[in-house]
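The hints should help you fit chain B onto chain A, whose structure is shown.
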Amino acid sequence: MLTIKILGSGCANCKKLEAVAREAATQANVEAEFIKVTDMKEIMAYDVMSTPALVINEKVVSSGRIPATADVIKLLTAA
Amino acid sequence: MDWMLKLLHGGAGSLASYLAAHVLLCLLPAFFIAGAMAALIPKASITRWLGRTTPAYVSYPAAALAGSLIAVCSCTIVPLFAGIYRKGAGIGPAVTFLFFAPAGNVMALAYTGSILGPEFAMARVVLCLLFGIGIGLLMSLIFWRDDATHDAETDDAFADQAQIAPAALGVLLSLVALLIAGTLKLWPLTSTVGTVTLPLSWAQAWQDTLFAWVPFDAAKGEEGVSLQGSVLIALLIMIATTAWKGMENIMDGANRWTWVAIGLAATTLLVAAARLTPVPGGLEFALTGRVLGVGLTLWAVWHFARQLPADDWQAWLWEAWRFVKQIFVLLIVGVFIVGMVRQLIRPEWIEAVAGSNTVQANAVAVGFGVFMYFPTLVEVPVARMFLDLGMHPGPLLAYLMADPELSLQSMLMVAAVIGRTKTAGYVSLVALFSMCAGFIYGSWIDGAILQSIAMALGLFSFVVAASYFWSRARGPINPQA
Chain A
8 MLTIKILGSG
18 CANCKKLEAV
28 AREAATQANV
38 EAEFIKVTDM
48 KEIMAYDVMS
58 TPALVINEKV
68 VSSGRIPATA
78 DVIKLLTAA
Chain B
2 MDWMLKLLHG
12 GAGSLASYLA
22 AHVLLCLLPA
32 FFIAGAMAAL
42 IPKASITRWL
52 GRTTPAYVSY
62 PAAALAGSLI
72 AVCSCTIVPL
82 FAGIYRKGAG
92 IGPAVTFLFF
102 APAGNVMALA
112 YTGSILGPEF
122 AMARVVLCLL
132 FGIGIGLLMS
142 LIFWRDDATH
152 DAETDDAFAD
162 QAQIAPAALG
172 VLLSLVALLI
182 AGTLKLWPLT
192 STVGTVTLPL
202 SWAQAWQDTL
212 FAWVPFDAAK
222 GEEGVSLQGS
232 VLIALLIMIA
242 TTAWKGMENI
252 MDGANRWTWV
262 AIGLAATTLL
272 VAAARLTPVP
282 GGLEFALTGR
292 VLGVGLTLWA
302 VWHFARQLPA
312 DDWQAWLWEA
322 WRFVKQIFVL
332 LIVGVFIVGM
342 VRQLIRPEWI
352 EAVAGSNTVQ
362 ANAVAVGFGV
372 FMYFPTLVEV
382 PVARMFLDLG
392 MHPGPLLAYL
402 MADPELSLQS
412 MLMVAAVIGR
422 TKTAGYVSLV
432 ALFSMCAGFI
442 YGSWIDGAIL
452 QSIAMALGLF
462 SFVVAASYFW
472 SRARGPINPQ
482 A
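For the protein sequence lines, the chains are A and B, in the order given. If you count the first sequence from 1, you need to add 7 to reach this note's numbering. If you count the second sequence from 1, you need to add 1 to reach this note's numbering.
Next comes chain A alone, as it looks inside the complex:
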C-alpha cells in the first residue's frame, strides 16, 4: 500500500498530474492512497520550489513537471 501525495495549489497542471498518477496506479495494478496537498505551508515542508510535485511514500519524485504515465509506473513499481 503506497501513499501518493500530489502537491499543488489546485491549478490545471496539478489535476493533470493526479490523473496521470491514478492512471499509472491502475495500469501497474498498485494499491495506493491518494492525498492532495494544497496548503502552502505543507507544500513548502517538502522543499519544492515549483508545483505540481509528486510524492511517493514521503519522497519527492518529481516537481515542476508532469511525468509521462510510463515513468510514473516505473516509479510506482520501484517504490
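No lab work stands behind these hints: they were computed from the structure. Because the structure is a prediction, the values reported are computed rather than measured. Idealized CB from N, CA, C, for every residue including glycine. Mixed in with the good hints, there may be bad ones.
Claimed, not checked - Simulated DEER-style distance windows between Cβ atoms: (1) B/G368 to A/A85: 53 to 61 Å; (2) A/A35 to B/W207: 52 to 60 Å; (3) B/A235 to A/M8: 52 to 60 Å; (4) A/A86 to B/T242: 33 to 41 Å; (5) B/F470 to A/A35: 54 to 62 Å; (6) A/A85 to B/F470: 26 to 34 Å; (7) A/A35 to B/Q164: 31 to 39 Å; (8) A/I42 to B/K7: 51 to 59 Å.
Quick look at chain B alone, frame taken from chain A:
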C-alpha cells in the same frame, strides 16, 4: 430588445476584429515562448541566486529575472514566492519577484506592446522593474525584524545548479526572433517583394459581406474584419479542434493530430504575415518581407526543436497548450465583454474623470485597478478601451500597474504566505507607487522636460539605495548565518 442586440453586436464585432487583426502574430509565438520558458528553463538556473546567503545586489535582480523568465502562471508564482520568502533571500526579493512577475513576463510584454504600442510596453517594464526593486527594499526595511527571526533553514532548496541546454536556448532565441519578425513595423519587414493575383472572383463579394456583418467605424476606433482576417479565424478554429486531439495527451507521445495542429499554427503565422487584398475579379496576394522573416525564423525553431530530447519538447508543447487553454479562452470572453461594455460607456465620463494627468485621475485609476479583478492579461484590452475612450496615458499606466498586482486573489495569496500586516504594507506601497508611476509617465507624455523626469527617478533611486545601505548598516539580516 434593440438595446440588447446593439450590445451583443458590439461584443461580437470587437471579438472578430480582435482575432482577425494584428494580435495573432504576437500571441501565437508568445504562447510558445511562455511554454518553452516554463518547460525548458531549469528553475535552479535562476533560483540558486536566491538563497539567503546571496548578497542583495545579486538577489534583487535575480528575483526580477525569475519573475520575467520563469513565472508565467500562478502555479509557479505562489510556490516560488513562498520559497524565496520562507527559505531564501527573504521578504525583499520575494516582493520584487511578486511585483515584477505579472508585468515583466514575456506574454504580458508582447501583448501590451501589440495592443497598446511599444512605448507602453517599455514604460510598463522599466517602471515596474525600478519600483519592484524599490518596493522590495522598502518592505525588507520596514519588516527587517521578521526576516531576522525567520526559520533557521539551510540553503538546500537553493543549492541546485542547472544549465540551460544549448538546443533549448536555440529554441527560445528563435522563438523570440519569430515574435520580433512578426510584430516589428520596420523595413525590410514591411516591404513588398512581389504580388500575385489569384483568380478568385468571389473575393470582393465576400469582403462586402464581411463589412456588412461587422461594420467598422474608424472614428470610434473600431476595426472591421478583412478577408484575410476571416481566413485567419477559420485557421484558428481548425487549430482549436486539432490541438484538442493532438495536445491533450502529448506527455505520452505525439500523434497525427499533433503534427496537423503544429502545421496549422505555422500556416496561420505565414498567412498573417502576408497581405491579402480583394481586387476586382480576384484576390491579390502580396509576398511581404515579413513572410520571409517569419518563414526563416520558423525554420530555425524547427531546426533547434528537433535536437531536443523527447521529454523536453513534449513538456514544451504541453505547457504551451496549457497556456492556450488557460488564457486564450479568458481573453476571448474578456474581449467580448469589453466590446459590449464599450457601447455603454460615454467618452465624456472618462474624459471628466481621467482625461488629464492629475493626482486625482491617477488615484481613481489605481482604485479602479484594485477593485476590479480581470483575469490574466484581460487588463490589456480593457486598457485599450479606456485609451480609445480618451483616458490619459498616465492614469492608464497607473491602472495597468495596479490591476494585476493588487487583485483580490493576489492579496489573499500574499496574506496567506506573509500575514496581514505585511500584506497591508505591500498593498499601500504598491498603490502609492503605481500612482507615482502613472504620474511620471503622464507628465512625460505631456512633454515635461526630460531632466525633471530624470530627477524624479534619480531621487527615487537615491532614496532606495540609501535605505538599502541603512538596512545593511544595521547588521546582517540573518543572525544565524
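Quick rundown of the hints versus the structure:
{"no.": "1", "hint": "B/G368 to A/A85: 53 to 61 Å", "result": "holds, 56 Å"}
{"no.": "2", "hint": "A/A35 to B/W207: 52 to 60 Å", "result": "holds, 56 Å"}
{"no.": "3", "hint": "B/A235 to A/M8: 52 to 60 Å", "result": "holds, 53 Å"}
{"no.": "4", "hint": "A/A86 to B/T242: 33 to 41 Å", "result": "holds, 39 Å"}
{"no.": "5", "hint": "B/F470 to A/A35: 54 to 62 Å", "result": "holds, 58 Å"}
{"no.": "6", "hint": "A/A85 to B/F470: 26 to 34 Å", "result": "violated, 53 Å"}
{"no.": "7", "hint": "A/A35 to B/Q164: 31 to 39 Å", "result": "holds, 34 Å"}
{"no.": "8", "hint": "A/I42 to B/K7: 51 to 59 Å", "result": "holds, 52 Å"}
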